[in-house]
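**Q** Residue numbers (this note's numbering), protein chains in the order written: chain A, 1 to 254; chain B, 1001 to 1254; chain C, 2001 to 2254; chain D, 3001 to 3254.
Quick caveat, the hints were computed from the structure, so don't treat them as lab data.
In this text, all values refer to a predicted model and were calculated from it rather than measured experimentally.
It is possible that some hints are incorrect.
What the hints assert, rightly or not - If you anchor each label on the Cβ, the simulated ranges turn out as follows:
hint	chain 1	residue 1	chain 2	residue 2	range
1	B	Glu-1153	C	Asp-2211	51 to 59 Å
2	D	Ala-3152	A	Gln-250	14 to 22 Å
3	A	Met-1	C	Asp-2087	17 to 25 Å
4	D	Glu-3153	A	Gln-250	20 to 28 Å
5	D	Ala-3077	C	Ala-2065	30 to 38 Å
6	A	Gln-250	B	Thr-1017	24 to 32 Å
7	A	Asp-43	D	Asp-3043	52 to 60 Å
8	D	Glu-3153	C	Pro-2228	33 to 41 Å
Think of the CB as a built atom: it goes at the ideal place given N, C-alpha and C, for glycine as much as any other residue.
Number of protein chains: 4
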Amino acid sequence: MDPIRVTVWGENRHEQTEEHVAGLYPEGMHETIAAGIREHLGDAAVVRTATLDEPGHGLSEPVLAATDVLTWWGHAAHGEVADEVVDRVHRHVLSGMGLVVLHSGHWSKIFTRLMGTTCTLRWRNEHDRELIWTVDPTHPIAQGVPHPIVVAEDEMYGEHFDVPPPDELVFISSFSGGEVFRSGCTWRRGHGRIFYFKPGDQDYPVYHHRDIRRVIANGVRWARSDRPERVLPELLRYDTGEFFTGRSYQGPTA
Amino acid sequence: MDPIRVTVWGENRHEQTEEHVAGLYPEGMHETIAAGIREHLGDAAVVRTATLDEPGHGLSEPVLAATDVLTWWGHAAHGEVADEVVDRVHRHVLSGMGLVVLHSGHWSKIFTRLMGTTCTLRWRNEHDRELIWTVDPTHPIAQGVPHPIVVAEDEMYGEHFDVPPPDELVFISSFSGGEVFRSGCTWRRGHGRIFYFKPGDQDYPVYHHRDIRRVIANGVRWARSDRPERVLPELLRYDTGEFFTGRSYQGPTA
Amino acid sequence: MDPIRVTVWGENRHEQTEEHVAGLYPEGMHETIAAGIREHLGDAAVVRTATLDEPGHGLSEPVLAATDVLTWWGHAAHGEVADEVVDRVHRHVLSGMGLVVLHSGHWSKIFTRLMGTTCTLRWRNEHDRELIWTVDPTHPIAQGVPHPIVVAEDEMYGEHFDVPPPDELVFISSFSGGEVFRSGCTWRRGHGRIFYFKPGDQDYPVYHHRDIRRVIANGVRWARSDRPERVLPELLRYDTGEFFTGRSYQGPTA
Amino acid sequence: MDPIRVTVWGENRHEQTEEHVAGLYPEGMHETIAAGIREHLGDAAVVRTATLDEPGHGLSEPVLAATDVLTWWGHAAHGEVADEVVDRVHRHVLSGMGLVVLHSGHWSKIFTRLMGTTCTLRWRNEHDRELIWTVDPTHPIAQGVPHPIVVAEDEMYGEHFDVPPPDELVFISSFSGGEVFRSGCTWRRGHGRIFYFKPGDQDYPVYHHRDIRRVIANGVRWARSDRPERVLPELLRYDTGEFFTGRSYQGPTA
């Protein structure tokens, strides 16, 4: 099979403005995430990166057309992501591009648009220990990691997480404070597969953690479509502003 | 329990411009749909109607705040529904207002926004017989109707229907041409419950059909929230344009 | 609507043999559970009890036929429950009787038969604090309780819980040790509704807890069937030992 | 990756006693099913067969231990399958062996035990045309087949199909009589994956059909576990007759 073409998208702002974050991620969080995917997938993946401040946020039509799976980390600047880029990414996901949404990406425009809900949650940035328990031990995303994965420190995310009930619930996290969170969830939307994975606040070295990198790599492999072509679901009418005037369907024998 | 406050929303355009439709629905499709709900729910519901050409499409903030369940039929003029009204309805659904989407409402702005997908399907308007089979005989929405419900003539809707996998699949339809369609589906989004029900093209007298009316009435009853208050999921951040600045959660004992 | 006819089944052995348990539940755990249901449902329910050492375990055909919802607590003596009684309960659940399975009932014959899996889990009986978080705030079973419910002490149950993915996940618990558990789950089987709820080891006074009682009462209300008759799914062939010789189906117009 | 070790199990009775069936399947239905899998998977699979009248039905412990995916076709002799063989297959499925159940296998002991329900359905053996529509176009099992698959003649199976709601609904069939059926369904049970696929009555040459063979081959590939070891879910207690006496769990840091 051809290598998976991965684009790792990073907001890349905290790394510019906060010394502490720059210390943890000298080349940017996106480079560390990309390195983790390369580490686990090797020749099975070709990984590039893109960031908010590149033209078109580095997500032009040709880039997306050549991307099998996009990963997304954003936080402070969700509002700066251009709507036309969100439209483009949305269309590609519904057409079959995989999407892996990380941590604070829960409030990104692309994720909330795909979910249709507020995607709110509870949070507390106070060095909680996070334990990540597998609740679907058969899932490809859960292979090769301990039960639980132990993250010494990360931001707490707690329920209620306002997303549609996931198609598959893979991981549940608990925190020092006793909170719980559905921290690994999958959904199918159109022809695309979506994986949300909770760990990864910018204030902690979470994307250097071996098991977290493994889960993200597993998620990338899982999210790649089995369909050979990138197409929107048929009789496509993506925008809602106009009445569709396509052809009537004349049946299986027509 | 208090009566369910229902608002039946109708586009009400075909009835103005097409003699054939006016003949089937002299007072508008919305009035026939409303009559069917009253017929089955009696004193258990208080039903009003609203239409596209009323100011604010008849869906002001006070109207929605006093609506437990909204039903939606639209077709030719989805694009004329104002975005601010869609925002308002969306917020109310996520806060707990029930939504029953009928037939060509599958391409309404509110439904596609809640689903996050294209909501496309195959169609053919050629007098197919529709058989509506129950696949979840325990579901409250399926009570009191034959298996199958027989609709002598309606528009064909066929798979693939590009929606998220329904939380519950209640009905599957077949058509004269051999096509199938997931014709009764439920989803939960935020605090709201959504029921999509396929029958009801404007060219056929479907909303005079006893069993179809029963299903819609059942759907209205099911869609009413059990929660006493109308509130968005907590730590609400509905728009995606700004960084949330709420309080950190201090845990169950704080 | 008629009152819900509830039968609370209790193994009632620990109460006979362990002074500590008898002290917590002088009249037996089943009587305390029954009292909690009466407290919350009042005239909306008629509650009786049955126990292992009664003839036929108190679950004769007439008793089951007059039971809308059965609750089940067992632990030390699962193996003593007669297979013919399990057959009878199974047939009634598939025919529409609701079933609420409590705590160590996860390993009862009736639950494992309905699930088809081992229903194993991790456990530790060392006075963990249990926090029960709502992950489906719209669910009728989750109404009227705090988020989280705090149980000062109970046995720990941890993932992986080997059950089919629940149709609806209502609650997730965390424990002092950091473990998590899908502690409130629903499944539909045949015409019956099943609710599993984790709290309630015999060594702790959990069934005196106001919120736990509320959840069980909510579960009973939810599990009552909407169908008017108690019947197995059609073309019934319950045992697998014989070839079915029923009539061919001649279609909707025959 | 190693080739998938497939065992195709066939009841192989109709082929012995009915000339018509022997004419369609001179070497037995199991050999035709096996040939179809080989045709599509080639070197990626090693396929053997086993039948009812072999000792232990050809499903000894060593055979199952060396089987990644088992396919099952039975009809007239479900009752002759020994309970100890069913126990063994059940344990292997829960431990990670994939299972593909075909057509009248819906009433096999192994399938009803895994489902926990009656698995009844409506049927009519009168040469209906069957159309098999894809409702999850992203699913690996649905790749490479037309929409719909057209089967000129097969037995009709109609709803209501009394199984647990499938984890994934891949195909829905319609029939000449207008009936519908959830004809391609998946479930996860324990560490095992299960795929039910409806086509294939013994009176028709369905397993010679190119697309049907493709789906079965896809199902085999999908059902193979990602887990490296064949083990029951942990703290294993398979039978329900005895109280578990295993070790208490001392937590992630113990």
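**Q** Hint by hint, note whether the structure agrees.
**A** Outcome of the hint check:
The given range of 51 to 59 Å is respected by B/Glu-1153 and C/Asp-2211, whose C-beta atoms sit roughly 53 Å from each other. About 20 Å separates the C-beta atoms of D/Ala-3152 and A/Gln-250, a value consistent with the hinted range of 14 to 22 Å. For A/Met-1 paired with C/Asp-2087, a C-beta distance near 49 Å fails the hint of 17 to 25 Å. The hint said 20 to 28 Å for the Cβ distance between D/Glu-3153 and A/Gln-250, and at roughly 23 Å that hint holds.
Here the CB-CB span from D/Ala-3077 to C/Ala-2065 is close to 34 Å, well matched to the stated 30 to 38 Å. The hinted window of 24 to 32 Å between A/Gln-250 and B/Thr-1017 holds, with their beta carbons roughly 27 Å apart. Between A/Asp-43 and D/Asp-3043 the C-beta distance comes to about 21 Å, which lies outside the given range of 52 to 60 Å. Roughly 39 Å separates the CB atoms of D/Glu-3153 and C/Pro-2228, a value that falls within the hinted 33 to 41 Å.
In the structure shown, a violation is registered for the earlier hints numbered 3 and 7, in ascending order.
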